[in-house]
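Enquirer: Those protein sequences? They're chains E and F, same order as listed.
Whatever position you read off the first sequence (first residue = 1), add 429 for my numbering.
Whatever position you read off the second sequence (first residue = 1), add 62 for my numbering.
The reader is advised that the hints may include incorrect statements.
Covered stretches of chain F (chain E as the covering partner; in silico rule of three or more C-beta atoms under 8 Å from a C-beta of chain E) [as the list claims (entries may be wrong)]:
#, region
1, 101-112
2, 184-190
Quick list of in silico lysine to aspartate or glutamate cross-link-like pairs, DMTMM-like style, CA-CA up to 25 Å [stated by the list, open to error]:
#, chain 1, residue 1, chain 2, residue 2
3, E, K573, E, E551
4, E, K616, F, E223
5, E, K498, F, D126
6, E, K498, F, E81
7, F, K225, E, E632
8, E, K516, F, D174
9, E, K856, F, D126
10, E, K516, F, E223
11, E, K516, F, D126
12, E, K498, F, D127
13, F, K225, E, E761
14, E, K616, E, D778
15, E, K486, F, D127
16, E, K616, E, E761
It should be emphasised that the hints constitute simulated quantities derived from the structure, not laboratory data.
From the three backbone atoms N, C-alpha and C, an ideal C-beta is built for every residue, glycine too.
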Amino acid sequence: MSGVAFLPTDAVDFLVLGAGAAGGIVAKELATAGFRVVVLEQGPYLHEGDYSHDEIKYTFQPGLTNDPKVQPITYRKSDADRARPMKAIEYGRQVGGGSVHFTANYWRFYESDFREHSLCGEVSGADLRDWPIAYADLEPYYTKAEYELGISGLAGANPFEAPRSKPYPLPPMPVKSSGVLFDRATKKLGLHPFPAPVAILSEPYQGRAPSVNCGFCESFGCEMRAKSSTLVSVIPQAERTGRCEIRPECYVRKIELDDAGRATGAIYFDRNRREIFQRAKAVFVCANGVETPKLLLMSKSKRFPEGLANSSGLVGKYLMWDNGGEALGLFEHPLNEYKGIQVTRLIHDYYASDPKRGFYGGGGIDARFDFYPAGFALSGLPPDTPRWGSEFKRTFATYFNRTMMLMAHTTSLAQAKNTVSLDPDVKDAWGLPAVRITSDYHPDDVATMKWMTAKQIEILEAAGALKTWSQPYDVVSNMPSRHLMGTCRMGNDPGTSVVNAYSRTHDVPNLFLVDGSNFVTSGRQQPTATIQALAYRAADYAVRAARRGDLS
Amino acid sequence: MSALQHAHTVAGLPTPHFETLDAGTAGEIEAIAARIIPSTGGAGAREAGVIYFIDRALSTFAADDRETYRTGMAQLQQKRTELFPNSTTISSLTGEQQTTLIRAIEMSSFFDLLRTHTVLGFLGNPSYGGNRGESGWKQIGFEDQMAYQPPFGYYDAQGEEEKK
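Using the sequences and the accompanying hints, generate a full structural model.
Expert: Written out as structure tokens, the structure is:
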């Protein structure tokens, strides 16, 4: 816990809103650079002793994530529909945010990801644009993230890999049966499997012990501190400076501005629902691709009647979805996939968009098993399995240890009609507007997923699967979306973007936004590495700007 | 008396009690749960104590579902009377009659909920009152351990053999 406590009336150097994948990094960078930092986090401050292997708590209830009972979300496919309460999106709601409960896949983007408009041209119905930065701009920060957090992987194993200045700090995790079968099958098909880069320790690192292969990574907090969340890596470092206060259970409702148009701090509800105004000289919003635009849209003022930093009208627009598809296979012998981390092997052979396919899009495919016992019986079985009775029981009992999944992670096109907005009717438990999600697939998103599913089945068959099946996909069955990208996009032109190339808002000079909301394109999902690299880069820039007096 | 209560009585253990359900309703729900996960080939919903999981769920995290159970069970009893006018309870129907009854309601949202709760009570953490003695986990071959060493399964063990 924090040693230092700042008074709300004390204008700290930086106020960081959200202690997640990005906010934890920003806080640590700013505090170690000598600045006084307050971090406000919606969720609680939990530690490894608070976590457990309880499937019901963490996968059937919002154990570590947003709870729609207190923070309702409404959803509609298009503007023409009436939005209805639905858990359309999910995010980590605790100190450490999504970096605590994520599967821990840690993919860098490729050089091509930053300039797909140049490479692929216009896509009808979408706003495919280049990023204002190149891979080379982020490379040092990807490396920094990998070393400061502790990432396991094997440099050079992926022949398509973008240039990297250093290898991974830790070797790959032990391969599972799914990885061995995937290796054999993809090599047979002329593809290039490689060990999954993951934010999980394969060896002792920075005083933390390695993974014990318990298997409860996805949706769970790590009881061994082996998952390289910001909670166990950079946040303790931030606190050790004595200049950073992490304040949990603080729910921000508005960022305030002065007459000169500069952010002065934020108003939040503390755990007793008292309203408090924390003053600050500069503000970083790292609340995620949905909560960040929501907060800006709630922060209306005379200067910004449509929401803070929203002169472009683009705050909340271009929400990109957690696209992908699942295919499963049954094998002759036990795989015991519940043991060990979820993913150990993947391919990026189909990552690049290829005009020969007839649509924009691409993706990665990983070999995994991300089911726990009850979840598997309820939603992992072949669709022709009886839903009850002795055959239902026989199937889940005999398939559980002999099944693996191939998961595709695919592109989601930025479309102006896919948005985060404030629901005009529904309120949350604090009386604030509920988030309203308007989202539907682009036809090329669907074409990509279908094309990838055929590849997934081909690989499962080459691996010797006795039976294969795939899960249905549409935007509703792909809910909740856990990768929240693209709602405050980055760009050089203030008319067509919300933040500049350093995640600083075009409209408010001492306001930064850094999280998935910055994304101009979706990559092929797995956004955490890029979110964290952007956070390091934005913090680096803010430190330099603050030192030269450019922020106050 | 439910089968589990009877077992506890015979074994001289304190009889588990219900917090939300009355014993009659519990017996009726248990009869359906035992058809969703029957005792064929090993422990089923009955032996795993699924009904105690459901009772505790309705008392705690699933308290909002009480009304769905109340109306769902009422409709189910009505359907039973319709189909089998001389019957008195679901639990006293023959297996074949129970199958007919469930087929008549298997597309309902109540059945979906009961199915979900039955599976959670069979395969969820035993601390919730079901999965007694890890009987559900034993059926699927899931061991509850804090740590594992590779090889984990047949194919990665085989992969290690090939390297040698």
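Enquirer: State for each hint whether it applies.
Expert: Cross-check of the supplied hints:
1. For a cut-off of 8 Å, the count of residues in the region 101-112 of chain F with a CB near a CB of chain E stands at 4, and the three-residue condition holds.
2. Proximity of the region 184-190 of chain F to chain E, defined as three or more residues with a beta carbon under 8 Å from a beta carbon of that chain, is established by the 6 residues found.
3. Under the criterion of a C-alpha separation no larger than 25 Å, the hint pairing K573/E with E551/E is inconsistent with the structure, at around 34 Å.
4. A C-alpha spacing of about 19 Å is found between K616/E and E223/F, which places the hinted pair at or below 25 Å, so the restraint holds.
5. The suggested pairing of K498/E with D126/F holds, with an alpha-carbon distance near 11 Å, which does not exceed 25 Å.
6. With a C-alpha separation of about 24 Å, the suggested pairing of K498/E with E81/F holds against the 25 Å cut-off.
7. With a C-alpha separation of about 22 Å, the suggested pair K225/F and E632/E falls inside the 25 Å cut-off, and the hint holds.
8. Distance restraint check for K516/E and D174/F: the Cα-Cα separation of roughly 18 Å lies within the 25 Å cut-off, and the hinted pair is therefore satisfied.
9. For the hint linking K856/E to D126/F, the alpha-carbon distance of about 20 Å falls within 25 Å, and the restraint holds.
10. At most 25 Å may separate the alpha-carbon atoms for a hinted pair to count; K516/E and E223/F exceed this at roughly 46 Å.
11. For the proposed pair K516/E and D126/F, the alpha carbon gap of about 17 Å is at most 25 Å, so the pair holds.
12. Of the supplied pair hints, the one linking K498/E and D127/F holds, its CA atoms being roughly 14 Å apart against a limit of 25 Å.
13. The straight-line distance between the Cα atoms of K225/F and E761/E is roughly 22 Å, inside the 25 Å bound, and the hint therefore holds.
14. Between the alpha carbons of K616/E and D778/E the distance comes to roughly 11 Å, so the proposed pair stays at or under 25 Å and holds.
15. The hinted pair formed by K486/E and D127/F meets the criterion: a straight-line CA distance of about 17 Å does not exceed 25 Å.
16. With a C-alpha separation of about 20 Å, the suggested pair K616/E and E761/E falls inside the 25 Å cut-off, and the hint holds.
In summary, the numbered hints that this structure violates are 3, 10.
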